[in-house]
Structure formats: C-alpha cells, structure tokens
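Student: Please build the complete structure, drawing on both the sequences and the hints.
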Amino acid sequence: MNHRNSTIALVALMSALSVILALFFIIPLPLTKGYVNLLEVGIYTSAMLFGRKTAGFVGGISGALLDLISGYPQWLLASAIIHGLQGVIAGNARTQSRPLLRGFSLAAASAVMIIGYFIASYVLYGAAAAWASLIGNLFQNLIGLVIAVPLAAILTKRLTSKRSVSHD
32 MNHRNSTIAL VALMSALSVI LALFFIIPLP LTKGYVNLLE VGIYTSAMLF
82 GRKTAGFVGG ISGALLDLIS GYPQWLLASA IIHGLQGVIA GNARTQSRPL
132 LRGFSLAAAS AVMIIGYFIA SYVLYGAAAA WASLIGNLFQ NLIGLVIAVP
182 LAAILTKRLT SKRSVSHD
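Just so you know, the sequence shown maps onto residues 32 to 199 in the working numbering.
Take the hints with a grain of salt, since some may be wrong.
FRET-style restraints, in silico, Cβ to Cβ [to be verified]:
id, residue 1, residue 2, range
1, Ile112, Ile39, 15 to 25 Å
2, Gly157, Leu190, 22 to 32 Å
3, Leu190, Ala159, 41 to 51 Å
4, Gln127, Pro104, 12 to 22 Å
No wet-lab data here; the hints were simulated from the structure.
Ideal Cβ positions, reconstructed from N, Cα and C, are used throughout, including at glycine.
Tutor: Next up, the structure:
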C-alpha cells in the first residue's frame, strides 16, 4: 500500500474508532441541544500517535459523523471545524520533547474546543446555552485527556512496526 493510501486508511480507521467510542457514552444536554461524549479520546490519541494532519482529519470527520449519526445535525458543520482545529493543535504534542510543551498543546486544543462550542452554542441557541455548554465541554475534554494520554503512551510502546504511516 502506498503512503497516500496508508494515510487515508489510517484516518478512516481512527475516525471510525473515535465515533464508535463516542457512541458508547453520550449524555444529552437539553439546554444546549447537544451532548457530552468520548470523542476527545480518539482525537487526542490520534494527535499523540500520528500528529497534526491525521488528528485534524480524524477530529473533523469523526465530529461531523458523530453528530449526523446521533441525531444532532445542527452541530455538524461546527463540529467538523472545531474538532478539526482541535486535532491539528493537539497534534503539536507529538513533536514536543518536553512534557510541559506537550501538555500546553493539549490544553490549547481543549481551549479551542471549549471556546469554539461556546461560540457555536451562542449563535445557535443564545447566551444561556453558550454558558451552559462550558461545564460539559470542560468535562468532556478532561475525561478525554485522562483516558487518551495513558492510552497513547501504552500504544506507542506497543507499536513495534518500523513501517508506520508518515504523519505531518
């Protein structure tokens, strides 16, 4: 399989795994007409394993697909943009050698997601919904990081193949 096909297959696989994981854990938030899920686990794991480009595509594709499948199509465009940017920014963690800088990349990605959904909630449903979205999105990112950071460390150690997909 050539490099381009390998990259496409990797993005498709990680996107599908991210959506499946997120579908196992959905908590509806009536005020925001949205929900809390585990999508960040897939995005942050992709970011730490494969870098910016792959994580950006995984974030955008999986965020949009999850909204479409789970009955929240009004969020599809916002999710594609927000989670795509989140993945790109989180992907910087892969190239950082110092833990503090890796943590900063992941925190910045979380902030982009939280602020992005605050703005989208405000546009779609007003100020009350935007403010209500903050706690759920903060929780979603914290849980995602708590699971993804050790998961990525374990997977990094277990990946033994020298022929990995090129990332950025």
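Student: Take the hints in turn and mark each one as holding or not.
Tutor: Structure-based check of each hint:
In this structure the hint that Ile112 and Ile39 lie 15 to 25 Å apart at CB holds, the actual value being about 21 Å. A C-beta distance of roughly 46 Å is found between Gly157 and Leu190, which places it outside the suggested range of 22 to 32 Å. The beta-carbon spacing between Leu190 and Ala159, approximately 45 Å, falls within the hinted interval of 41 to 51 Å. For Gln127 and Pro104, the hinted distance range of 12 to 22 Å is not satisfied, since their beta carbons lie about 36 Å from each other.
Of the hints listed earlier, those the structure fails to meet are numbers 2, 4, in rising order.
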